[in-house]
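Asks: If you want the building blocks of each chain, they are given just below.
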Amino acid sequence: MKKMALVSASLLALLALPTAQAMAEGKHLTVVHYSPPRAGWAMESIDAYVMTRFGCIETLTKYDGDNRLVPGLAESWSQTGDMTWDFKLRQNVKFQDGAPFNADAVVAALNHVLTVPTPSRSIGPKTVSKVEALDPFTIRITTPKPSQLLPYRMAAPSAGILSPAAYGKTINVFGTCTGPFRFASEVPKQSLAIVRNDDYWGDKAKLAKVDVRWVIDAGTRVAQLRSGEAELVMEVPVALAYGLNADKSKVVAAVPIPRIQTMIFNHQRKPFDNPLVRRAIQSALDVTAISEGVYEGYAEPASGPFAPGQPWRPDLKPVAQDLDKAKALLAEAGVDPATLKIDMPVYNDRPDLPDIALVIQQQLQALGLTVNLRVANYAGIEPDLIDGKFDISFLSRNPLTDMADPSAYLASDYGCGGSQNFSKFCDKAFDEALAVASNAATEQERYAGYEKLGRRLEEEAIAVFVVHPKQIDAHSTKLKNFKTDPLGYKLLTTEMDIE
Amino acid sequence: MLNFIAKRFVMLILTLVVVSVLAFLIPYVGDGDPVRIILRSRMADEVTDPAMIAALTRELGLDRPLSEQYLGWLWRVLQGDFGLSFTTRTPVDVMFLHALGVSLLLALGALAVAFLLAIPLGTAAAVKRGRAFDHATSFFTQALVAIPEYWIAPILILVFAIYLGVLPSAGWHDWSSMILPVIVLSLRPLAYFTQVARASMIDVLNAPYMMAARARGLGVSASLLAHGLRNAMLPIMTLFSLWLTSLLGGSIVVEAIFAAPGMGWLLYDAVLNNDVPLIQGSIVVIVALAVIINTLTDIVYVMLNPAVKLMS
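Sequence lines, in order, name chains A and B.
In terms of our numbering, the first sequence opens at residue 1 and continues consecutively.
In terms of our numbering, the second sequence opens at residue 500 and continues consecutively.
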């Protein structure tokens with residue numbers, strides 16, 4: 001009976017007219033996004049990104065426009081011992097439900113995310129061992145081993161702070177944040193209603209109300225912009241971006257992001273353990289042609305794993321295609337191209353990867369290699385990657401997913417035993433250099449260390465770095481001050497406005 | 500009749516038992532480790548260390564023997580507890596009942612449109628058999644069967660949402676959100692219903708009782724209304740129930756394009772994320788509904804046409 005009532009209620013709710021909502025006063029923006037919250041707002045999941053993107057939760061530290069760490073809910077922080085950091089909290093903050101923002105609330109919030117069964121990568125028992133209140137507005141965080149990166153970890157969305165009332169059997173994000181926007185209501189996987197937090201401790205937002213709609217079909221997202229139903233749509237496919245470019249009332253915003261499409265080798269299979277063979281394959285590829293062909297210019301040819309603009313990026317040019325050099329390197333390695341048959345599985349969850357693989361298959365055939373391309377979804381490919389049943393494959397990686405520092409990425413993808421190190425590249429010297437770099441006391445030393453490691457990955461062709469795709473968003477010219485955040489942490493800002 | 504119903508009821512129970520086993524096993528048949536897939540969906544495409552995988556495996560009870568997991572699951576399902584979604588940690592039944600409501604609205608809307616258009620179209624084509632209208636109807640219905648949903652749906656969005664601006668392009672906000680997906684979903688049933696209505700009307704028109712009715716002085720329309728429609732409706736009713744069960748399962752293409760949160764989308768998302776309880780619960784409910792609807796259709800069919808029972 002209860003269930004019948006639920007179905008009936010659903011039907012009635014679906015037919016209800018939302019005119020009252022739509023008539024809310026003030027400046028109103030409609031955003032169409034592709035990635036709805038999918039984990040019940042669990043703080044350790046990617047749902048935390050939704051909370052930061054739309055201005056709800058805030059973190060102790062945060063990044064400015066240049067990806068530099070600046071104060072967030074903490075006004076200052078300092079390292080007080082080898083393994084301890086103290087954070088001074090702002091005293092003019094309060095949660096949207098009226099609860100006081102203080103050290104007890106922060107300790108409770110961080111302890112929640114530390115004790116969940118599946119902690120996030122950025123903040124978990126491996127990186128934080130204790131959080132305690134020293135006084136009403138000071139907390140101390142202890143790490144299991146010395147770490148210079150702790151303040152960066154505190155900027156990760158999973159380290160966001162909610163009111164104590166938010167943490168029950170499930171997470172309640174409605175009216176429990178501190179940010180400039182308050183989540184008012186949601187229809188799961190359909191829409192999210194957001195209103196301005198008029199009691200915000202910082203600059204008040206210009207927008208009064210924001211409707212977020214979750215639409216997975218890219219064509220439909222663009223249709224919503226073209227029909228005027230939405231003013232901002234996220235992630236526009238290249239093919240549709242050109243159509244929007246011709247529309248004077250729309251703006252296509254294409255911004256380089258840290259993501260890198262990478263061709264990995266199985267270092268445990270011959271001849272891919274040989275740097276000469278890997279460099280031969282690297283020299284046979286034309287990454288500029290891939291950037292212009294597959295992405296129609298909406299991608300940067302890569303020279304190493306790090307995208308343009310990152311301070312640790314080695315000063316290298318993309319390797320130019322040179323088939324004579326490639327043949328010479330193969331000959332030097334003693335490999336006859338006619339005998340080399342390459343097994344190349346690729347996953348299609350990111351639709352550009354099979355396109356890249358197809359172009360590369362043709363480019364390697366020009367070198368005389370035979371490439372067997374296998375396409376399946378990631379779940380189908382992953383067992384082969386884990387078991388080393390491949391010669392060459394592809395990964396789409398974001399080195400800065402959890403913090404604006406590439407050390408976690410370098411460790412997981414190229415460190416011995418790294419969780420994403422499907423190529424099984426393992427070199428103790430690489431691991432030691434990474435440990436030294438990530439624990440260096442100054443930014444300059446850290447960046448110099450990462451730069452050397454990035455250079456080595458490129459020069460020894462430990463992997464072949466193909467392109468950095470751009471994030472393409474589009475909006476109406478009525479929308480002002482929209483800026484794509486390459487890290488994907490921010491979307492709604494207090495400055496955004498609509499005519 | 501009671502004997503017939505009892506037999507159908509026993510078959511229904513046996514079918515549901517088999518379905519429960521298959522529904523339970525299906526999520527384990529595909530490639531890949533379910534726990535890794537779940538973690539990927541929760542953490543974007545970044546993964547995960549072995550300790551996290553082991554912790555989640557324990558938490559979800561996936562380290563127990565499969566038979567033990569099945570019996571525990573079946574016992575809870577019989578009590579109406581389909582468990583919590585692996586990804587959202589919310590009750591699965593709330594999720595699929597909500598989605599079922601959407602699919603039900605779309606299915607009934609589409610079938611109502613198809614039915615209301617198909618009966619007069621098919622009847623007129625049968626009455627005007629071999630003439631221009633009949634040929635045009637035949638061409639029209641064959642074209643509808645051939646038109647793919649992923650082609651017609653964007654065209655309707657282009658015309659009604661972008662150029663005319665009279666309907667929303669996507670979403671599930673109010674009754675107007677239903678119109679475009681209902682139109683797209685109705686096209687194929689409309690084609691099939693029309694063809695079947697035409698064929699059965701031709702049979703009916705040639706039946707002796709119709710000739711007798713005409714001989715008694717009734718006009719074509721009057722004799723069709725008085726005697727023909729009920730007999731011609733039988734095959735359409737069977738088709739209606741088949742389409743209803745099919746559409747209740749949702750249409751991934753239409754729901755994705757129009758962002759309608761029905762069963763197709765829900766299941767697609769659940770399969771992508773290997774949300775085992777959601778896949779299992781949805782399959783059980785969809786198949787149970789299909790079996791029940793088909794059983795009821797069979798019973799009603801026999802009630803309307805006892806000759807079927809005699810033949811069986």
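These are calculated hints, taken from the structure and not from any lab test.
There's no promise every hint is true.
Here are the simulated distance ranges between beta carbons [said to hold, decoys possible]:
(1) A:Asp247 with B:Trp650: 41 to 49 angstroms
(2) B:Tyr527 with A:Pro125: 46 to 54 angstroms
(3) A:Pro117 with B:Ser566: 19 to 27 angstroms
(4) A:Gly388 with B:Ser637: 57 to 65 angstroms
(5) A:Asp247 with B:Ser566: 40 to 48 angstroms
The model shown is predicted, which means the values in this text are computed figures rather than measured ones.
A virtual CB, placed ideally from N, CA and C, is assigned to each residue, including glycine.
Asks: Hint by hint, say whether it matches the structure.
Replies: How the hints compare with the structure:
1. A:Asp247 with B:Trp650: 41 to 49 angstroms: Taking Cβ atoms as reference, aspartate 247 of chain A and tryptophan 650 of chain B lie about 23 angstroms apart, which means the hint is violated.
2. B:Tyr527 with A:Pro125: 46 to 54 angstroms: violated, 30 angstroms
3. A:Pro117 with B:Ser566: 19 to 27 angstroms: With a Cβ separation near 25 angstroms, proline 117 of chain A and serine 566 of chain B satisfy 19 to 27 angstroms, so the hint holds.
4. A:Gly388 with B:Ser637: 57 to 65 angstroms: holds, 59 angstroms
5. A:Asp247 with B:Ser566: 40 to 48 angstroms: Given about 60 angstroms between the Cβ atoms, the range is violated.
Figure legend: structure checked against the earlier numbered hints; hints not met, in rising order: 1, 2 and 5.
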